[in-house]
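Protein sequences appear in the order of chains A and B.
Take 10 as the starting number for the first sequence in the numbering used here and just add one per residue.
Take 4 as the starting number for the second sequence in the numbering used here and just add one per residue.
Hints may contain errors.
What the hints assert, rightly or not - Listed below are the simulated DSS-like cross-link pairs for lysine-lysine, each with C-alpha atoms no more than 25 Å apart in a straight line: (1) Lys84/B to Lys50/A; (2) Lys100/B to Lys29/A; (3) Lys100/B to Lys73/A; (4) Lys100/B to Lys50/A.
Quick caveat, the hints were computed from the structure, so don't treat them as lab data.
One-letter residues, chain by chain:
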Amino acid sequence: GAVVSQHPSWVICKSGTSVKIECRSLDFQATTMFWYRQFPKQSLMLMATSNEGSKATYEQGVEKDKFLINHASLTLSTLTVTSAHPEDSSFYICSAPGTVASTDTQYFGPGTRLTVL
Amino acid sequence: GQSLEQPSEVTAVEGAIVQINCTYQTSGFYGLSWYQQHDGGAPTFLSYNGLDGLEETGRFSSFLSRSDSYGYLLLQELQMKDSASYFCAVRGGGYQKVTFGTGTKLQVIP
Chain A
10 GAVVSQHPSW VICKSGTSVK IECRSLDFQA TTMFWYRQFP KQSLMLMATS
60 NEGSKATYEQ GVEKDKFLIN HASLTLSTLT VTSAHPEDSS FYICSAPGTV
110 ASTDTQYFGP GTRLTVL
Chain B
4 GQSLEQPSEV TAVEGAIVQI NCTYQTSGFY GLSWYQQHDG GAPTFLSYNG
54 LDGLEETGRF SSFLSRSDSY GYLLLQELQM KDSASYFCAV RGGGYQKVTF
104 GTGTKLQVIP
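With the rest of the complex left out, here is chain B:
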């Protein structure tokens, strides 16, 4: 089966940098994705890592180490609107089947 673990909550100051970690166990692995979800809304895609290394998309970067079954999402220059839940997700255990992590609620404070 698939399991992905994330810290449940993180608090950071506006303008700072925060890292959200994700460790996973999967049967079959096709890549690690990150999604943002505001309260009451649907998840929106942020980033994807199919290979080891760092992917940068504006203020957001994501890292993957397949040998360690580990990845993280890095958010820079935090803004109040970044307060949301963040989920890592893996595709595996069946073509295109996506399993979501436990989720991290990020609170950005002034």
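Here chain A stands alone, though its shape is the one from the complex:
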């Protein structure tokens, strides 16, 4: 159980275009999901907290107008990178908290590798 999927697994786009990444919890409901970005050989940096039915909470320094997050249902959160530029090329990963509070588990999607040309 507790499977999180992401689509697409990789995407290549031209500079200036927008890219949408989907994150789905397949066998559980997630009122909260997290979006991370990871550059090569670096740690995961939290970008925003996605809340079902309300606005996302963005971390300091993350442009909310550039990284649009929508959490329209209890199993789906989307991240849209608008007007992508080469510096946005990165590994984007979503996660959802586990349902057992005592273990504090986060279940991660497989990630989406974005390359902007």
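We have chain A; now place chain B onto it with these hints.
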């Protein structure tokens, strides 16, 4: 804010034991977790400490000292497949918000 420091790289021999340390500074603290990430993959959950002491899960153990803001991950009977990056993470500074450490790249050699 939150900050977690780890050694950047560790090398150990197959079959040996290795300890990966994590020191943290947080505003609010709900527990320390450990994750494993192989190159190109997503992190996978290894262990969690909500209270002080040692938690054991098979070959992996994790320790927490809240008074010292310190924890470690202990890997025993190292195998080649354990070569990966290991991250500590804290939940705090906002309900369920998780911040990851700088990461430790473990290389297991024959």
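Structure-based check of all given hints:
Restraint check for Lys84/B and Lys50/A: the C-alpha separation of about 19 Å stays at or below 25 Å, so the hint holds. Straight-line distance between C-alpha atoms of Lys100/B and Lys29/A comes to about 23 Å, which keeps the hinted pair within the 25 Å bound. A distance of roughly 18 Å separates the Cα atoms of Lys100/B and Lys73/A; the hinted pair therefore holds under the 25 Å criterion. Under the criterion of a C-alpha separation no larger than 25 Å, the hint pairing Lys100/B with Lys50/A is consistent with the structure, at around 22 Å.
Violated hints for the displayed structure: none, as all numbered hints are satisfied.
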